[in-house]
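Go ahead and model the full structure; you've got the sequences and the hints to work with.
Chains as they are written, first to last, in my numbering: chain G, 199 to 488; chain W, 199 to 488; chain V, 199 to 488; chain Z, 199 to 488.
No lab work stands behind these hints, which were simulated from the structure alone. Keep in mind that the hints are not guaranteed to be accurate.
A pair holds if it fits inside one copy or across any two, identical chains being indistinguishable in the list.
With a Cα cut of at most 27 Å, we get these calculated BS3-like pairs of lysine-lysine [said to hold, decoys possible]:
1) K299 with K353
2) K202 with K290
3) K484 with K353
4) K202 with K353
5) K353 with K415
6) K202 with K415
7) K321 with K415
8) K321 with K202
9) K353 with K457
10) K299 with K202
11) K299 with K484
12) K457 with K321
13) K415 with K290
14) K353 with K321
Listed here are the chains, written in short residue letters.
Number of protein chains: 4
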Amino acid sequence: MSSKERRYVIRLGCPDRTGIVAEIATFLSEAGGWIVEADYHSDPDTNWFFTRQVVRAESLPYDVHELCRRFVEVTRRLGGRVEWDIVDTGAKPRVVILVTKDGHCLYDLLGRVHSGELEIDVKAVIGNHTDLAPITRAHGIPFHHVPFPIDPDGKAAAFGQLRQLVDAANPDAVVLARFMQVLPTELCAEWAGRALNIHHSFLPSFVGARPYHQAHKRGVKLIGATCHYVTAELDAGPIVEQDVIRVDHNDSVADMVRKGRDIEKVVLARGLRWHLERRVLVHGNKTVIF
Amino acid sequence: MSSKERRYVIRLGCPDRTGIVAEIATFLSEAGGWIVEADYHSDPDTNWFFTRQVVRAESLPYDVHELCRRFVEVTRRLGGRVEWDIVDTGAKPRVVILVTKDGHCLYDLLGRVHSGELEIDVKAVIGNHTDLAPITRAHGIPFHHVPFPIDPDGKAAAFGQLRQLVDAANPDAVVLARFMQVLPTELCAEWAGRALNIHHSFLPSFVGARPYHQAHKRGVKLIGATCHYVTAELDAGPIVEQDVIRVDHNDSVADMVRKGRDIEKVVLARGLRWHLERRVLVHGNKTVIF
Amino acid sequence: MSSKERRYVIRLGCPDRTGIVAEIATFLSEAGGWIVEADYHSDPDTNWFFTRQVVRAESLPYDVHELCRRFVEVTRRLGGRVEWDIVDTGAKPRVVILVTKDGHCLYDLLGRVHSGELEIDVKAVIGNHTDLAPITRAHGIPFHHVPFPIDPDGKAAAFGQLRQLVDAANPDAVVLARFMQVLPTELCAEWAGRALNIHHSFLPSFVGARPYHQAHKRGVKLIGATCHYVTAELDAGPIVEQDVIRVDHNDSVADMVRKGRDIEKVVLARGLRWHLERRVLVHGNKTVIF
Amino acid sequence: MSSKERRYVIRLGCPDRTGIVAEIATFLSEAGGWIVEADYHSDPDTNWFFTRQVVRAESLPYDVHELCRRFVEVTRRLGGRVEWDIVDTGAKPRVVILVTKDGHCLYDLLGRVHSGELEIDVKAVIGNHTDLAPITRAHGIPFHHVPFPIDPDGKAAAFGQLRQLVDAANPDAVVLARFMQVLPTELCAEWAGRALNIHHSFLPSFVGARPYHQAHKRGVKLIGATCHYVTAELDAGPIVEQDVIRVDHNDSVADMVRKGRDIEKVVLARGLRWHLERRVLVHGNKTVIF
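What follows is the structure, encoded as structure tokens:
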């Protein structure tokens with residue numbers, strides 16, 4: 199993502215056995231593929247093998263479609279259940295950002311896009327309030343206002359509208375950048391592995407509402423933030439990244455909110471970058487980060 | 199504690215109002231007291247005022263008993279409920295350490311005592327297993343073996359024996375250095391504010407048994423340790439210190455245990471130092487660390 | 199700064215002796231002053247005493263001018279050399295920001311101002327390039343372009359223009375937010391104690407140009423950033439704040455630049471906040487942060 | 199090292215080109231080798247390729263000598279300059295530790311050996327003072343006292359004696375655990391890649407003597423420690439690991455020394471572990487840590 203050079207990112211997971219690396223490496227080597235990154239991991243608990251390999255596009259004599267076609271043969275030779283995908287970095291990742299009123303994460307992401315650090319195409323920002331419309335539009339990005347009524351029917355309709363807007367963008371990532379609504383189960387399912395949330399606590403501590411208030415009440419000495427994939431169970435999805443910052447008895451809840459923002463911003467930005475660089479492989483409720 | 203110079207440590211808590219600092223500072227100033235450390239904190243939620251002041255013993259014209267006698271007058275002028283104590287650093291703090299089999303925290307504390315970093319008098323190490331007897335005795339410290347049977351009566355008797363051994367030492371701190379028994383309510387009460395535990399998780403995450411297994415299962419990206427005062431509710435007492443260390447998908451439970459040890463050791467050592475330097479003021483279930 | 203409540207911040211430094219705290223506390227107490235923050239430090243090497251006290255404005259029966267007039271008497275009674283000031287938090291701090299092309303620090307500061315986290319009045323942004331004019335103006339802040347030619351006369355003239363623009367704003371802080379010009383000695387002197395720089399290394403490592411290149415060449419395992427007051431000697435002024443982030447052999451110079459930005463932003467933001475909250479007391483080439 | 203299972207660790211470095219991974223992976227696959235860890239890195243600046251692979255010993259039909267013999271063929275096919283080695287984890291690593299008076303690092307390492315965390319064979323501890331003889335011998339390890347006179351001839355003779363004692367142990371690592379003598383050039387050369395030093399600063403800041411004094415004088419906000427390979431230029435060898443801890447204006451030099459110890463211990467322990475697990479690949483003056 200940070201490189202202008204076009205690359206293919208191959209990700210694969212399968213039951214571990216001998217010879218997988220040789221199979222893939224030989225296939226790539228015989229095609230003349232120049233591997234610039236290669237990572238392997240084998241999980242002894244589940245006996246699952248993970249790999250991510252990045253190949254220079256120009257080193258291969260064919261395009262990504264032909265690569266996929268030929269790679270099917272490789273996966274067949276591996277036998278059994280194989281999960282894999284190949285992504286061409288030539289296409290800018292498409293992202294939709296969901297917000298409420300707090301703008302620090304949105305502001306941070308837009309700054310990274312603006313500076314060229316994060317080479318993504320923000321297709322839309324969708325908010326259940328309008329506070330963040332001006333900053334969004336100042337960056338030339340469409341802002342959609344979808345109010346969320348309290349009554350169940352109104353809320354269901356709002357989620358329907360949200361779904362249409364998101365799906366219209368066909369995004370590689372749906373970022374819940376301090377979006378203060380709990381996604382219904384069917385949206386969690388549809389966006390599985392693509393919806394990233396930033397939770398303002400060091401999970402599994404302080405699940406749910408007002409985690410800084412909970413942290414203040416408990417008297418912890420560090421507060422944190424967690425970027426995780428959204429699943430049907432609240433704040434319980436696979437964790438992508440976490441970090442913490444020190445607090446002390448001088449810090450009020452408001453101070454914790456302020457200090458925590460700095461952690462939320464970097465944790466979300468790192469998590470999103472890794473997700474879009476296809477560095478995150480999910481297996482069960484855990485992640486491998488290559 | 200780290201200084202050879204004799205000092206008096208004054209700690210005081212009372213409802214906040216104007217003039218408290220002036221009252222104390224004027225009292226000390228008029229007696230010629232040389233203040234080398236002074237800390238204040240006011241908690242807006244509970245309207246409670248905290249202070250800790252350290253005075254050079256030789257700067258006062260009288261001893262600690264006379265200081266206490268005169269300080270009573272100061273606290274009377276403050277009116278209402280006042281909690282305070284004054285400690286003479288001339289006396290080495292007395293410590294009892296409780297252990298089971300894991301020796302890293304004990305080893306670490308003994309190393310700090312041996313190097314002179316931690317100027318304490320370890321009166322005894324008490325273990326429900328004998329694994330750590332040799333290292334304890336190699337330091338010239340008595341080791342007591344108190345086996346803990348599973349049956350309730352036997353266990354109660356063991357706690358009775360433990361209590362006698364601890365109380366005989368009249369310790370300033372009872373350190374649960376990976377002691378794998380839950381203290382009964384009456385011991386928690388008796389040793390309130392003196393019993394320090396090291397829990398091998400970033401509380402309130404992963405309360406109770408096998409926290410590294412819980413952390414591994416949840417797939418967190420940081421593991422931690424917490425030093426807290428022991429209270430009747432398991433792992434829920436006032437937190438003194440916490441810290442974390444990064445882990446990733448390569449880390450097995452055994453790796454987490456190993457990495458976590460380095461955090462447990464420093465978190466316990468810091469917490470114990472602060473406790474013995476009288477830097478920790480407990481109010482409700484929270485601590486102020488000066 | 200983060201509180202709407204009006205307060206007076208008293209800062210004082212003088213040779214240490216007994217009775218200073220009593221003198222100040224009694225003065226404030228007799229005037230009915232409600233102290234909300236009080237910090238003391240005594241430096242044994244220089245025998246210098248530092249204090250910062252924050253008083254609720256409404257608790258005093260007179261305004262800040264009368265407070266200053268009366269405080270003069272207190273300082274006289276302390277005798278000898280006394281450095282002090284009193285600031286009324288009712289007035290929003292005035293800030294000028296100097297930039298070149300890299301916008302991450304500016305972007306970050308503007309985001310904090312926009313969200314209300316940093317309650318300051320950014321009087322102007324001045325750049326020797328125009329890259330950051332649009333984002334500045336999008337926030338309704340004047341942007342001045344002062345090109346810096348290479349020839350000494352042209353550069354001197356540019357610094358003259360810069361000085362005029364800055365001084366016209368009479369700022370409480372001049373922030374060098376990745377401003378790529380070395381201030382001449384006379385500007386360092388004029389803005390002493392007000393000019394804050396963010397240097398993209400963990401000083402004193404990697405002084406001067408291209409610190410990330412230097413860090414990459416040396417093979418360090420952590421990179422850092424340093425917020426310091428600007429003095430005549432390059433990157434050698436009193437340090438206000440520092441932080442680091444882990445890097446490894448996978449990180450190219452470009453990766454270090456990217457990761458380093460996240461540290462630069464928070465270190466500068468923290469340093470500026472502390473400076474404006476009058477938490478930083480400079481003595482010699484070192485700082486006390488209350 | 200932490201596993202009882204016998205493994206072969208293959209490390210290889212060579213100019214990067216396509217097909218290296220395939221070559222090695224195919225070789226291992228055809229022999230039935232079960233790879234449990236595989237890491238790759240390609241340095242774009244030097245075009246150097248690094249890999250480390252760990253194979254289950256029992257998965258291969260021959261022993262480590264035959265593996266080496268056959269691996270020579272693989273390296274020949276790679277062509278050009280190839281650096282490689284293969285280590286059998288069945289043999290416990292042999293370590294010699296050099297000390298002076300400060301015992302915290304020695305104490306820490308012995309604690310890790312004693313608990314089984316660090317499965318090494320400490321052949322000898324050699325000190326230029328006798329302070330640490332008792333703790334060494336309490337662990338059943340030989341302690342040799344080699345006094346270092348100030349006169350050049352006496353010092354040269356002492357280094358001669360040191361060399362004999364070390365070489366007699368044929369160690370996998372020579373650990374300078376706060377050894378306060380600068381190794382002569384010829385010893386640096388002889389022990390190149392095996393001599394690990396712990397320096398008590400965040401290098402390249404504060405090279406040489408009394409780094410905590412230097413840090414205190416400069417007023418830094420973080421202090422650190424660095425584990426590096428010893429080379430002829432003082433404190434300038436390839437860095438293996440670094441870490442930092444926060445300090446503030448309250449910290450005297452003695453406080454920094456105390457806080458720094460906790461960082462020195464873990465940084466040295468991590469560096470030594472990685473070295474002995476053959477995770478560190480040196481190239482030029484930089485390290486790759488797998």
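Quick rundown of the hints versus the structure:
Taking the shortest alpha-carbon separations for K299 and K353, only the intra-copy value of 18 Å comes in at or below 27 Å, while the best inter-copy value is 45 Å. Proximity of K202 and K290 under a CA criterion of 27 Å is satisfied intra-copy only: 11 Å inside one chain copy versus 44 Å between copies. Proximity of K484 and K353 under a CA criterion of 27 Å is satisfied in neither setting, with 31 Å inside one chain copy and 40 Å between copies. With identical chains, the CA atoms of K202 and K353 are never at most 27 Å apart, being 42 Å at best within one copy and 36 Å at best between copies.
With identical chains, the CA atoms of K353 and K415 are never at most 27 Å apart, being 32 Å at best within one copy and 34 Å at best between copies. Taking the shortest Cα distances, K202 and K415 sit within 27 Å of each other only across copies (24 Å), while inside one copy they are farther apart (48 Å). Proximity of K321 to K415 under the C-alpha cut-off of 27 Å is found in neither arrangement, the shortest distances being 40 Å within a copy and 36 Å between copies. Taking the closest pair of Cα atoms, K321 and K202 come within 27 Å of each other only inside a single copy of the chain (21 Å); across copies the shortest separation is 38 Å, beyond that limit.
For the homomeric pair K353 and K457, neither the shortest alpha-carbon distance inside one copy (32 Å) nor that between copies (40 Å) is at most 27 Å. For the homomeric pair K299 and K202, the shortest alpha-carbon distance between copies (21 Å) is at most 27 Å, but the shortest distance inside one copy (35 Å) is not. Taking the closest pair of Cα atoms, K299 and K484 never come within 27 Å of each other, the shortest separation being 30 Å inside a single copy and 31 Å across copies. Proximity of K457 and K321 under a CA criterion of 27 Å is satisfied inter-copy only: 25 Å between copies versus 30 Å inside one chain copy.
In the homo-oligomer, the alpha carbons of K415 and K290 never lie at most 27 Å apart, since the shortest distance is 44 Å inside one protomer and 32 Å across protomers. Taking identical chains as interchangeable, the C-alpha atoms of K353 and K321 lie at most 27 Å apart only when both belong to the same chain, with a minimum of 23 Å there against 44 Å between chains.
Figure legend: structure checked against the earlier numbered hints; hints not met, in rising order: 3, 4, 5, 7, 9, 11 and 13.
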